[in-house]
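Protein chains in written order, with my numbering: chain A, 1 to 275; chain B, 276 to 535.
Just to be clear, a hint being listed does not mean it is correct.
[Said to hold, decoys possible] Looking from chain A toward chain B, a few residues come up when the C-beta cut is under 7 Å (computed): (1) Gly56; (2) Val79; (3) Gln80; (4) Tyr82; (5) Arg85; (6) Lys86; (7) Phe90; (8) Phe92; (9) Pro230.
[Stated by the list, open to error] A few chain A positions that, by computed beta-carbon distances, are all more than 12 Å from chain B: (10) Leu62; (11) Asp69; (12) Gly95; (13) Pro178; (14) Gly207; (15) Asp214; (16) Leu267.
Since the hints were made in silico from the structure, they are not lab data.
Ideal placement from N, C-alpha and C gives every residue a C-beta, glycine not left out.
Each chain is listed here by its residues.
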Amino acid sequence: MSQHDASPLVEIRGLRFARGNRLIFDGIDLDIPRGKITAIMGPSGTGKTTLLKLIGGQLRPLEGTIRVDGEEVPRLSRVQLYELRKRMGFLFQSGALLTDLDVYENVAFPLREHTNLPEPMLRDLVLMKLQAVGLRGARHLMPSELSGGMARRVALARAIALDPMMMMYDEPFTGQDPISMGVLVKLIRTLNDALGLSSIVVSHDVGETVAISDYIYLLSGGKVVGQGTPDELGRSDSAWAQQFLRGLPDGPVPFHYSADDYAEDLLLGTEAGRG
Amino acid sequence: MLNALQQLGRTALGFFERLGRGHILFYYLLLGIPSVLVRPRLLLQQLFSVGVLSLLIILVSGFFVGMVLGLQGYNTLVDFGAEESLGTVVALTLVRELGPVVTALLFAGRAGSALTAEIGLMKATEQLSGMEMMAVDPIKRVMAPRFLAGFISMPLLAAIFSAVGVIGGYFVGVGLLGVDEGAYWSQMQAKVDLHDDIYNGVIKSLVFGVVVTWIAIFEGNDAVPTSEGVSRATTRTVVHSSLAVLGLDFILTALMFGDN
Chain A
1 MSQHDASPLV
11 EIRGLRFARG
21 NRLIFDGIDL
31 DIPRGKITAI
41 MGPSGTGKTT
51 LLKLIGGQLR
61 PLEGTIRVDG
71 EEVPRLSRVQ
81 LYELRKRMGF
91 LFQSGALLTD
101 LDVYENVAFP
111 LREHTNLPEP
121 MLRDLVLMKL
131 QAVGLRGARH
141 LMPSELSGGM
151 ARRVALARAI
161 ALDPMMMMYD
171 EPFTGQDPIS
181 MGVLVKLIRT
191 LNDALGLSSI
201 VVSHDVGETV
211 AISDYIYLLS
221 GGKVVGQGTP
231 DELGRSDSAW
241 AQQFLRGLPD
251 GPVPFHYSAD
261 DYAEDLLLGT
271 EAGRG
Chain B
276 MLNALQQLGR
286 TALGFFERLG
296 RGHILFYYLL
306 LGIPSVLVRP
316 RLLLQQLFSV
326 GVLSLLIILV
336 SGFFVGMVLG
346 LQGYNTLVDF
356 GAEESLGTVV
366 ALTLVRELGP
376 VVTALLFAGR
386 AGSALTAEIG
396 LMKATEQLSG
406 MEMMAVDPIK
416 RVMAPRFLAG
426 FISMPLLAAI
436 FSAVGVIGGY
446 FVGVGLLGVD
456 EGAYWSQMQA
466 KVDLHDDIYN
476 GVIKSLVFGV
486 VVTWIAIFEG
496 NDAVPTSEGV
506 SRATTRTVVH
516 SSLAVLGLDF
526 ILTALMFGDN
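Chain B on its own, in the form it takes in the complex (with noise of 0.2 Å):
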């Protein structure tokens, strides 16, 4: 009895000590920003890597996820006759839902695990050391770019996703189900509002960006530094952002369009 009170409040102690250097580790990242921004190269690689390259898989899964809304939007709305909204079904769901929250997960999965991967990679063959032994701080110098630049490319790549989405849609809908073409665009266009529904699935995606890669960036800088942590650091960002992205999906649903 009394080890298993003991163990749970290790547990519990352990928890709150790694969500008080994960908080503390964000409040550099932040302090970091500045030094990012004089120095746009650094920056412009990260872009390269954790942007550039998640773009074919956001661009392919961007494509099917659209069709299947194509197909599924158009089975239940040919019922009532309504298969003229199908434009604004597969908008309004891509660009309030599934844009911001597919993008984050996939994100998690490409560019979230390798940032991980990266960082505690490096802490383990001593380049974070070294580098902190040249007076240069690895916060400053590798992971602010890297949140950075997190930050900066979720937001795109949602709206990538999203804009794929409604071509692939379109593709499956007006191409090979005859809905008609006017109305795909036209009823989207009336119903899709900017404010409501544009701002708010990229506010989504701007938070999703921050959390995705901040556990990213923790995962690795917290890794135990052998190939085993380094694969256990791995797994847990993906876990624990996906878990994150869905949560925090819920919470800002609420928010957003609760009172509707």
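Isolated chain A, as found in the complex (with noise of 0.2 Å):
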């Protein structure tokens, strides 16, 4: 299995991209190695979804590569392209439920528009998902009728019914109680090593994030601006990393958006009215 080989599963180098006149990422390097659940961590805004999206092929880079098990995701004609999305598998924040569809039709889908599989077996491939994410119970539900937190989990066996290569969460933590936010951190590290998947996490959830995950990326201000195993990060000297990770209010990111100096800024409101 591909698994074995040393190569890692994505790889990118030099990514820019802009979004019109802001550049998101300025000459990004990443790995991701397989087998393992590397994290892609830093404040809101810096653009970690959009990288999500960028291995995805739904974003063209600027410049720059992104290698997916050897293949070139922005040079792929849109057959190739699909060919590699039925072996990535993409948890959305939102779990992007088709609302029409009760839960067990959720995770046929996929299932059903690729493959040819005989009713039974299909039945039994969408229960074996179920039960992996403890909702077997709930297949006849309709979306609407579920929590954020099951249906996350419903999105989450759906996007393993093909049985991927490498899985991708975009803020699996976010919005969710405690209880669920358990359940999605037990089930990223199993699933990761029952099913040999490989899994890229984008998050602003640290202890979590950190409890999981075997690499860490830190982004900011479109750069990678500290990665290592979770320990060398916390004993990292940078003061950036230091300041995300214990969520200090200031720091290299400041507290206060860039503005004119305030004394100023106060004393022309004053000057203004009395004038």
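Could you fit the two chains together into a complex? Lean on the hints.
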């Protein structure tokens, strides 16, 4: 199996990407190793989700290369890209369940679209995936009847329906209560190890992410500002890494949005009032 | 001055960009049709929600429009002692013009707006993105079946509208105002031509079906993925497709009946 291959599953070199005039990535190099959980962390708005979309080929970079399992994603034709995506699982922050289908049909959706399995076998597969996320009993519910955590678990079952080689998690812990957070943390780790996946977790929830990841990249201002195993990062003397991992309000990322001098700004108002 | 020019340029560029995106989508919709044909269940579902669910409004409106035509036609014709021609007047008006046009306008309001809202919300809730990441092409899976369903439904709905309208005209003209029943039907049979009238009406409604469904799907797919964006897109669908229907109706009428 490709897991024993030493080359990284995802290899990003010199990636530059802009939205309008705003440069989001300014020369990023990343390696996502096989069989591991790699976390990509950084404050909101650093383009973590954008990075996943670039890896999934939904966006095209300005410059640089993105290789997934040896294939150069931005150069792939539509057909090749869709072939590659069958081997990628993507968990959206919203879950992105199809609202007109129930839980069972949602998980069955990729199987029905891409395979010609007989109904009994398809049923077994769907129930196995639902069992893995603990929601076999919820198969008849509609997405609107699910809690946020359950919706995300159904989406997870759907994402692994085609037995992908890799999973991408977009902010999997955001807005979850402690219990569903715990469930998701456990699921991501167990699925990764049991199914021999390679996982990329994009998140800004420090505690949970540090607990499950094997390697962490810290992104800020369009650059990689720190990387290493959770232990290495914890011991790192980078002020940025310390601020982010400990959640300090002020530091290299300033508390204040850039503005003119405070005193002058206030005086301007006073003068205007007098005038 | 310069700012105004800049603004004008930006608006024009934006317009042509949207026009271009619309045509690219149209091309992919056409490419997606074969994959719909091999999965008739998807098409049947859409025929139901686009076509069958529009039936009630079409039936009721058709009946009332026919009744009004019967009444107005009678009042005009009776002055010339020509009330026997009422059947022809009602049928020609419906088959040539009102059937296709009013059906298309009602369809834009009933089914077009629903299509835009549905696709726009699917975009806003990342369902379309999710499909793409599952290697399922949303154009083939979601949009092409709706497009084909609109294309098939429109002429059928227009035919039903005209048929019900003729009955409405009969109800008022023959039932209430005393036009001779035999004259109503036989004049209609003699004067309404299969090629000139019925086929041309069908061609019109096929064109309207394509245009209205295309605009509705495009607006949904192009909507800004917020609740405000979807609401704007829905409004645009109704406004743009109504205008397109009326404009195209004039062009088609000029082409079909201009030389008579």
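Hint-by-hint comparison with the structure:
For A/Gly56, the interface hint holds, since its Cβ comes within 7 Å of a Cβ in chain B; the closest pair sits about 6 Å apart. A distance limit of 7 Å between C-beta atoms decides the matter here; for A/Val79 the minimum to chain B is near 10 Å, and the interface restraint is violated. This hint is violated: A/Gln80 has a C-beta 11 Å from the nearest C-beta of chain B, more than the 7 Å allowed. For A/Tyr82, the interface hint holds, the least distance from its beta-carbon to any beta-carbon of chain B being 4 Å, beneath 7 Å.
Look at A/Arg85: its Cβ gets to within about 4 Å of chain B, closer than 7 Å, so that hint holds up. A distance limit of 7 Å between C-beta atoms decides the matter here; for A/Lys86 the minimum to chain B is near 5 Å, and the interface restraint holds. This hint holds: A/Phe90 has a C-beta 4 Å from the nearest C-beta of chain B, less than the 7 Å allowed. With its C-beta approaching chain B no nearer than about 5 Å, A/Phe92 sits inside the 7 Å limit, and its interface hint holds.
Hint status for A/Pro230: violated, given a least beta-carbon distance of 28 Å to chain B, over 7 Å. Every CB of chain B lies more than 12 Å from the CB of A/Leu62, the least distance being 20 Å, so the non-interface label holds. The non-interface label for A/Asp69 is consistent with chain B: the shortest C-beta to C-beta separation is roughly 15 Å, beyond 12 Å. Distance check on A/Gly95: its Cβ comes as close as 8 Å (rounded) to a Cβ of chain B, failing to clear the 12 Å threshold; non-interface status is violated.
Every C-beta of chain B lies more than 12 Å from that of A/Pro178, the closest at about 25 Å, which supports listing it as non-interface. Consistency note on A/Gly207: stated as away from chain B, and its beta-carbon is indeed over 12 Å from all of that chain's, at 26 Å minimum. Listed as a non-interface residue, A/Asp214 keeps its Cβ farther than 12 Å from every Cβ of chain B; the least gap is roughly 24 Å. Consistency note on A/Leu267: stated as away from chain B, and its beta-carbon is indeed over 12 Å from all of that chain's, at 33 Å minimum.
Taken one by one, the earlier hints fail for this structure at numbers 2, 3, 9 and 12, listed in ascending order.
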